[in-house]
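If you read the sequences in order, they're chains A and B.
Residue numbers in the first sequence follow our numbering, run continuously in steps of one, and reach 123 at the last position.
Residue numbers in the second sequence follow our numbering, run continuously in steps of one, and reach 234 at the last position.
There's no promise every hint is true.
[Said to hold, decoys possible] Incomplete in silico selection of chain B near chain A, CB under 8 Å: (1) I7; (2) I9; (3) D28; (4) Q30; (5) T229.
Bear in mind the hints are in silico, worked out from the structure with no lab data behind them.
Just so it is clear, the structure is predicted and the values come from calculations on it, not from any experiment.
Built from N, CA and C at the ideal position, the CB exists for glycine as well.
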Amino acid sequence: MEQISLAHIAIVTGILIILIGIWGILTQKNIIKIIIGFTLFDTGSHIVMVSLGYVKGKTAPILDKAVELKNAAGEIVDPVPQALVLTAIVIGLGITALMLAYALRLYQRRKTLEINKYNDLKW
Amino acid sequence: MFKKIFIFIVLAGFAAILLNSLSLFNPDQQLNEIATRYADKGPEEVGAANLVTAVIVTYRGLDTLGEVTILFLAASIIGFFLKLKLEDEKVPRKVRKASEILETASKIITPVIFLFGIYVFINGHLTPGGGFQGGAIIASGLVLMLLANPVKKVNHTIISVVESISGFSFVILGIIGIFLAGGFLDNDYFGLGTFGELLSAGAIPVIYIFIGLKVGSELSGIVSNLQETQKEEI
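Chain B extracted, bound-state conformation:
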């Protein structure tokens, strides 16, 4: 009883804080200064049609580097944490066989999902999308593959090689920016190209391809780690 009252008080407190800030909220009639700066100068400085991409990859690119690092950290902690003991590795996993429909459909759909993920991160500077979204789509394709064939072994060597190469290239591209352009992670190496074309916005598509590969391989690593540790039938 006392516990319930306590929980109610906590909830009421949070509600009071949030609703109070809501009553003070006044929707903007126009963009604030920073956003106006990005909208006015973004096309000529960065050349990405998608301003969110311009903010993520170039203006606040350092934050994205940190974010990718955090994701890597989470993935490696999960890998470390779920690491099997040697004797556990030999225990065969008990799995229920996937249904005929799922198995057949996944053979057709998985390549399409991978292709869609690649499309999303290559076009990240033009359309809504980008490396993180594309990487998540690729990992979801892997989830479908594992659902259809639960005993499948995912090759961890490929995952870690792809991940380290793309993370390394991301940093190298940032450092090249110091020498050829305005600063770390600046994308304007050899001109920006035509605004709105696929090959535009300098290094943004390249950086986003690496981010996409990195995020995709990290999430695939997490998924396959979780899958391999699951020994019992569910």
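Isolated chain A (complex conformation):
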């Protein structure tokens, strides 16, 4: 049982959220719900990335009173995945806003959000 650490729990949670997101993208019929699936996918992968940088028993990568400056490398978690995720969150926000704008325009044109009604590209 000592194998199961906080990082494992976080990664499993992230993987579950990713799978829920993919399930939502594949099964839902409402465009807004599909967009929610995409954002869940996003969030799950962020959780996985952050937890990959976790080091057991270490504190946040902010060098204040809690961290001894000389031994900083021994007391903090990895700052690189956190910086990466901060970037990814902002990009995800932009993409979500773009998808919502598309959904809004589609609704105004056809007065429906059912994905099955949009069969122009179906062969």
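The hints should help you fit chain B onto chain A, whose structure is shown.
Just chain B, lined up with the frame of chain A:
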């Protein structure tokens, strides 16, 4: 039926991939080489107490520039995409009036939210936070303002002026770094100041203020574009 089986197979495949990599995952007992380098040299090279900020603004500052560009691109595509036709612009929007509580509360809370957003991005090099977070907080203040007063017109000229000036200054500060410091977006112009003070870490607070203003104005632009296109009562 066939569709459901297919979806199940796809999900099972993804689960197998992810769980397989989980079984290979072995949590680190200590930092890897790059992170150790950042932790050891960060305080003297960059001078930011928040190492995430040091990585974002200085070590990987070019990526942040690209990220801000992508956000700008997304905002401008949304603006282009939701652009109203001239005859549509004259159609009055039908809105439900906001409740008394929301209207009154937003008058008190909105300035506080703006102030908090500014605080978050000015202190980005010391505390958890920074330009992106602060910008998002400012945009959320605008959302509250628009919820309380749905017919309010947001001034797009101010938004685009703030956005272009801050984006331009971000690049200029990066170029100054080539001449006064080690390279593009290096923050060490005239010394780094006392570690852990508000006025420290060279150009990082200035760069983060510009990033915060840029992100805040971009997100506000997106929000107000979405709001103006919404003609019917919801």
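Hint validity - D28(B) Cβ closer than 8 Å to any chain A Cβ: 5 Å, holds
Satisfaction of the Q30(B) interface hint, Cβ to chain A closer than 8 Å: OK, holds: Q30(B) within 8 Å of chain A, min 7 Å.
Hint check: 8 Å Cβ-Cβ cutoff, I9(B) to chain A: 11 Å, violated
Chain A contact restraint for I7(B) - C-beta distance below 8 Å: Holds. Min distance 5 Å.
Evaluation of the interface hint that places T229(B) against chain A, nearest CB under 8 Å: 6 Å, holds
Hint 2 from the earlier list is the only one contradicted by this structure; the remaining hints agree with it.
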